[in-house]
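Same order as they appear, the protein sequences are chains A and B.
All residue numbers for the first sequence refer to UniProt numbering, where the first residue is 1 and numbers rise by one.
All residue numbers for the second sequence refer to UniProt numbering, where the first residue is 1 and numbers rise by one.
Simulated from the structure, these hints should not be mistaken for lab results.
This one's a predicted model, so the numbers in the text were calculated from it and none came from an experiment.
Heads up, a few of these hints could be off.
[Stated by the list, open to error] To give a feel for the contact side, a few chain A residues facing chain B, derived at Cβ under 8 Å:
1) Arg477
2) Ile613
3) Trp615
4) Ala617
5) Thr643
[As the list claims (entries may be wrong)] In the BS3-like style, the derived pairs of lysine-lysine whose C-alpha atoms are separated by at most 27 Å in a straight line are:
6) A/Lys658 x B/Lys207
7) A/Lys658 x B/Lys157
8) B/Lys328 x A/Lys297
9) B/Lys297 x A/Lys639
10) A/Lys297 x B/Lys639
11) B/Lys109 x A/Lys297
12) B/Lys639 x A/Lys105
13) A/Lys602 x A/Lys109
14) B/Lys328 x B/Lys109
15) A/Lys109 x A/Lys557
16) B/Lys557 x B/Lys207
17) A/Lys328 x B/Lys639
18) B/Lys557 x A/Lys281
19) A/Lys644 x B/Lys297
20) B/Lys297 x A/Lys602
21) B/Lys328 x A/Lys658
22) A/Lys639 x B/Lys602
23) B/Lys109 x A/Lys658
24) B/Lys28 x A/Lys109
25) A/Lys639 x A/Lys297
26) B/Lys644 x A/Lys328
27) A/Lys297 x B/Lys557
Ideal Cβ positions, reconstructed from N, Cα and C, are used throughout, including at glycine.
Protein chains: 2
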Amino acid sequence: MLKRASAGGDDGYRLTPLVVVELAPDAKEEAIAWLLSKISDSEQNGGAELLVEQLRHGEADREKDNRNVFLVGAERQRLLSGAEDLGLFKEFNDGSMRAFTCANKDNFKDFKGTKVAAAAVAVVGKRKWDLRDGDGFLSMAECQYIVKHELDSLRAKNETHVPGYEKAKLYPGKSIIRRMQSKGILVQVFPLHETEELKRLSFSWYKKVKLSLQPLDDIRHYFGEGMALYFGFLEYFTFALVPMALVGVPYYLFDWEDYDKYVLFAAFNLVWCTVILEAWKRSSATLAYRWGTLSRKKAFEEPRPGFHGVLGFNPVTGREEPLYPNTKRLLRIYLVSLPFVLLCLYLSLYVMMVYFLMEGWALTLYDARPTFWMSVLTFVPSVIYAVVIEVMNLIYRYAAEFLTGWENHRLESSYQNHLVLKVLVFNFFNCFASLFYIAFVMQDMVMLRQSLATLLITSQILNQVMEAFLPYWLQRRRNKKMMRRASKRATLGEKEMPLADQVRLEANMSTYLGTFDDYLELFLLFGYVSLFSCVYPLAAVLVVLNNITEVYSDAFKMCCVFKRPFSDPAANIGVWQLAFEAMSVIAVVTNCALIGMSPQVKSYFPESETQLILWTAAIEHGLLALKFILTFVIPDVPKHIQTKLARLEFESLEALKKKWRALIGSNDLKSHASGLRLRCLRRRRPERLIRTAE
Amino acid sequence: MLKRASAGGDDGYRLTPLVVVELAPDAKEEAIAWLLSKISDSEQNGGAELLVEQLRHGEADREKDNRNVFLVGAERQRLLSGAEDLGLFKEFNDGSMRAFTCANKDNFKDFKGTKVAAAAVAVVGKRKWDLRDGDGFLSMAECQYIVKHELDSLRAKNETHVPGYEKAKLYPGKSIIRRMQSKGILVQVFPLHETEELKRLSFSWYKKVKLSLQPLDDIRHYFGEGMALYFGFLEYFTFALVPMALVGVPYYLFDWEDYDKYVLFAAFNLVWCTVILEAWKRSSATLAYRWGTLSRKKAFEEPRPGFHGVLGFNPVTGREEPLYPNTKRLLRIYLVSLPFVLLCLYLSLYVMMVYFLMEGWALTLYDARPTFWMSVLTFVPSVIYAVVIEVMNLIYRYAAEFLTGWENHRLESSYQNHLVLKVLVFNFFNCFASLFYIAFVMQDMVMLRQSLATLLITSQILNQVMEAFLPYWLQRRRNKKMMRRASKRATLGEKEMPLADQVRLEANMSTYLGTFDDYLELFLLFGYVSLFSCVYPLAAVLVVLNNITEVYSDAFKMCCVFKRPFSDPAANIGVWQLAFEAMSVIAVVTNCALIGMSPQVKSYFPESETQLILWTAAIEHGLLALKFILTFVIPDVPKHIQTKLARLEFESLEALKKKWRALIGSNDLKSHASGLRLRCLRRRRPERLIRTAE
């Protein structure tokens, strides 16, 4: 796309298209005109100062196409100042990462500065094209992130409703984009793919069969830091599982029926899951430092678009915006959401108990009359249970989203945290409750192993189908359509797809809803491995295999199936780190309990079960304490990066001091001089006197 | 003292004395001269730019007195810029706390600014007295802290040794004060008391019998934030214990022998110790915000005076200073200190076991021949054990200090943390190991109660004697000496003690070694109450009583027994918060175990002890989880203070943005003008040219 843009007006557009804004086909003209003027208006008038242009017709389907599709771009200077406002970090001349400032732009690496061609300011029509400033300095993903931020911060001023839509109420500070989207006037806002870049990326990422690591820097460049961290974590997790898998294979091959040998394996498990999480924190910090998100200071967070409340003045910024009392939110969380979640958990447990009852009943039936149909019947409860679980997950997901929205969090981050927490707890229960029941209430290790294997293999097959084959099939269907068009174009002698067609094609692709589901899947896999893999040592092997295909299928779906997502300058995997750590604590407890229950350990305490339990509890407490001490002792950020961060902070402090002093100096001089200078300084060496008077 | 200073040259000194520097009586003249020149030299020459003057003879003991006592003061402007360098927070005009900057000084509350008397610049001798600027704006404690910081940062440049002392080696960056102190050339550096202020403070603090709270703000004003937080914590802790004590009294009165009724009490205990620690974090944040230390950004920390290493360049500041590889330090910690601590713990356990053996042996002897002398013999093991514990504590303390010094930590804070950790773990073992042994190995609740009562009462009496009566007695002895002098002076018709006498008097007072021992005492008391008070409900009452006298004895010792300590702008109680939290986790485990062992609970599981233990463990895990969730959910800083902090940060960000923009603008102008100006400005008004060139 950038290439397309630099090639000039191939398509006849006066802007480099970054983001597409699609309005409803039947949107009223006045609303469209109002929105467009808001987008392109100057900042003083509450506009975003972006460039906007209507998409022209493609070559096919002229009649069916939605006319109300607009391309949004921005002048380079606007993007640079946006990058400064957002506090984006870029590589400095000395190799460190620093917050970009326009004043200092020439000192940033890869900034092809003003020196080269100071006169290269072309004026096309009324618009000034500023081609000289750092072309390619900001990646397209960054530009799109900036544009998205500017669009999101378009807020109503004095308008009471969207022009032409009486019902689309507005009040000062209300996000315009959000209101128009919720009323269906605006269909979607999405960033455009870069065809050339994407081809290159997908080739190095998943198309060639290779043994090298994923091109994380390229992924970050194209999709942003959040996505790159997900893939980095996926890769890290896979590698971390390899020793586990290697230890597991001989267990599987030689000790298949020897369940009481798993003490060593459980102990290994326990150390492993503590260590890898601590190590991940460090490598995540290293990645985030390299990408400049580690020390990025977030600007003051604006309320999330869905936030509503009574108009008032924000106590922090003093700006007018909706306010919502914290106590009310807390009441909603603790009096409605929390009981609801607990109720759902109870329901989930209840369903599980019904499943075990049904299974027991089916088994008795089979034992009484062991025919073929009866053996089929024994599978029925499991199938029913699996289906019910899926349905419950789905319903719960909607309920959780509704509830979290209703809690009315001011910040997007806090909304996300509460949503993740709700969904996580429920999913954990649904997936693991039955396993815990089998392990600790029924104490049936054979059944535990079978259930685990079934659950793991089923969920993996299901996931692979949902994530790779289904998209692949969809893609092939779409490809056929494309082929038809391409053949049509080939007859016209064109090679590249026209912009209009590309935009319309992408507009029809599915929307990627964020890394939530991908992380959730990894979380559950981590759970299977860390909690119970000592009973079924092949779990780690299966998860490793799954992860390898997961890398490819996720890469494929990001590049070919979904619309490009907006990038997100994340510094870590956020609330998921916490979730994985919580899981590893549960893993310590579970593994200790499994060890305590093993016949091998039991044989050490032949006379007294009480002694055994007390010892198990004591060791478990010791291990938990050790785990917390480890978490405390191992620094989250590697030493060399700490040093770099400290140096940056020190330098900026020193610089600030100097600047302040310079500022004070000149101010003081001015004020002092005003009176004195006139009278006495006209003779000789007058500046001495001023200086000593300070 | 300030009053004395403002009264002018009563004592004939040209400075307001803040800090006293006492050199050895036989210190060589050249070393003294060198140190004094360093202190008063300008910053460019590596000096501290402070004022320094020799103390004159007092009226008594002219011959015995040390002549080498110097008073250090500073010009007000120097103090203000020192306050800015240290990032001290002062109250702004709008009531918020902000980092003081000289540029903005007139906007700070209580700053009697330059407007009042712009011409009040007196020149006395060579020295310029600047009386107009914010007299009383900085408290004396703050001034002393600034002077101390400046003295500490006096570092050698090219000197290879202290003049006159070939053996007192120096290298660039080595703290001069520290080297001279370690070689015995410098005896001590201490801040002066303010007699008037101290009288007022001690009256409102502990002299009048009252029911009001301690004057924390005044304490902070006089002794600094660290001390005030200690007294704040002591007060808070006492109040937090009151409900505990109230619940305990009826238990003691009515259920004296009914040990199995303590389940409820243990449950209460458990909730209580979690809640009060969370609540303290919040009130500590409130105090620290009020005192302006909460958001104070620490300047880059210089190495602690005792730090040594190979000369190199600090990777953060780029300055030349000794470097010491981190790996070497870690090796020392994990290969020497850690095994040593573990060995000591083992030794302590061993001694405990010997004590129990001896006690058992004494009891059998007594049972065999129950005479009076035999009953005395039964006390011998306890006495020996108590003495051995004290001796071990003492030896261990020295060893810990030596080891921590040998670990060679770069920062004072990290040195302190490692020292506290070492001492804490050992003291915890020494105090509680025997109780744990009685409770969980011997399972003898009657003996536990007796031991607890004995330990608690003995240690309290011992403490009160050591902290209140002993100092009081010392004070009385000193007072007699003073009386004699005073009567002499009375005959001479003087009222106030001359400065020289006061300085020499204070120089002979004991040095307060920091809040370490005071916190340690509170920590152990907290341990007795939170761990075992369900067995001996009167413990809380005893601790409350102890704390009340503790407030008075601590206040007395701070005001009358010790030299004034340097203040310390602490924002919280530091590593002690962590220690108390660790204790409260141990308390949860201990209380659960005690509950599980109570006959009352045992009667619920008449047939199976295993069931009982499993239930106890399950509930304990649930409680621990709840505790961690509570710690996570309750915000450490109250909402309204969060808002204020966020507002400050937002404002400073906005202001910075504006300043930067202004700066960029003017820079641009300057560079443009640079060419023009040289040509046309050379004729008239030469000072302009000089100034812009600066």
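Now the hints, each set against the structure:
Interface hint status for A/Arg477: violated, as the beta-carbon distance to the closest one in chain B is roughly 48 Å, over 8 Å. The interface hint given for A/Ile613 holds, since its Cβ lies 5 Å from the closest Cβ of chain B, which is under the 8 Å cut-off. About 11 Å separates the beta-carbon of A/Trp615 from the nearest beta-carbon of chain B, more than 8 Å, and the hint is not met. A hinted interface residue such as A/Ala617 counts as satisfied when its beta carbon comes closer than 8 Å to some beta carbon of chain B; here the least separation is about 5 Å, so the hint holds.
With a cut of 8 Å, the hint placing A/Thr643 at the interface with chain B holds, because the nearest CB-to-CB distance is about 5 Å. Proposed proximity of A/Lys658 and B/Lys207 is contradicted: the alpha carbons are some 49 Å apart, above 27 Å. The hinted pair formed by A/Lys658 and B/Lys157 meets the criterion: a straight-line CA distance of about 23 Å does not exceed 27 Å. Straight-line distance between C-alpha atoms of B/Lys328 and A/Lys297 comes to about 34 Å, which puts the hinted pair past the 27 Å bound.
For the proposed pair B/Lys297 and A/Lys639, the alpha carbon gap of about 21 Å is at most 27 Å, so the pair holds. For the hint linking A/Lys297 to B/Lys639, the alpha-carbon distance of about 21 Å falls within 27 Å, and the restraint holds. Between B/Lys109 and A/Lys297 the CA atoms are separated by roughly 30 Å; this puts the pair beyond 27 Å, and the hint is violated. At roughly 39 Å between alpha-carbon atoms, B/Lys639 and A/Lys105 are farther apart than 27 Å, so this suggested pair is violated.
Between A/Lys602 and A/Lys109 the alpha-carbon distance is near 65 Å, which puts this suggested pair outside the 27 Å criterion. A distance of roughly 49 Å separates the Cα atoms of B/Lys328 and B/Lys109; the hinted pair therefore is violated under the 27 Å criterion. Restraint check: the Cα-Cα separation between A/Lys109 and A/Lys557 comes to about 33 Å, which exceeds 27 Å; the hinted pair is violated. Restraint check: the Cα-Cα separation between B/Lys557 and B/Lys207 comes to about 13 Å, which is no more than 27 Å; the hinted pair holds.
For the hint linking A/Lys328 to B/Lys639, the alpha-carbon distance of about 14 Å falls within 27 Å, and the restraint holds. With a C-alpha separation of about 47 Å, the suggested pairing of B/Lys557 with A/Lys281 is violated against the 27 Å cut-off. With a C-alpha separation of about 18 Å, the suggested pairing of A/Lys644 with B/Lys297 holds against the 27 Å cut-off. For the hint linking B/Lys297 to A/Lys602, the alpha-carbon distance of about 56 Å lies beyond 27 Å, and the restraint is violated.
Among the hinted pairs, B/Lys328 with A/Lys658 is inconsistent with the structure: their alpha-carbon atoms are about 37 Å apart, more than 27 Å. Between A/Lys639 and B/Lys602, the direct Cα distance comes to roughly 52 Å. Violation of the 27 Å bound is thereby established for this hinted pair. Distance hint between B/Lys109 and A/Lys658 is fulfilled; the C-alpha atoms sit about 25 Å from each other, no more than 27 Å. For the given pair, B/Lys28 sits about 57 Å from A/Lys109 by alpha-carbon distance, which is inconsistent with the 27 Å threshold.
Straight-line distance between C-alpha atoms of A/Lys639 and A/Lys297 comes to about 21 Å, which keeps the hinted pair within the 27 Å bound. A threshold of 27 Å between alpha carbons decides the hint, and for B/Lys644 with A/Lys328 the separation of about 21 Å falls inside it, so the pair holds. Pair hint A/Lys297 plus B/Lys557 does not hold up; C-alpha atoms about 46 Å apart against a cutoff of 27 Å.
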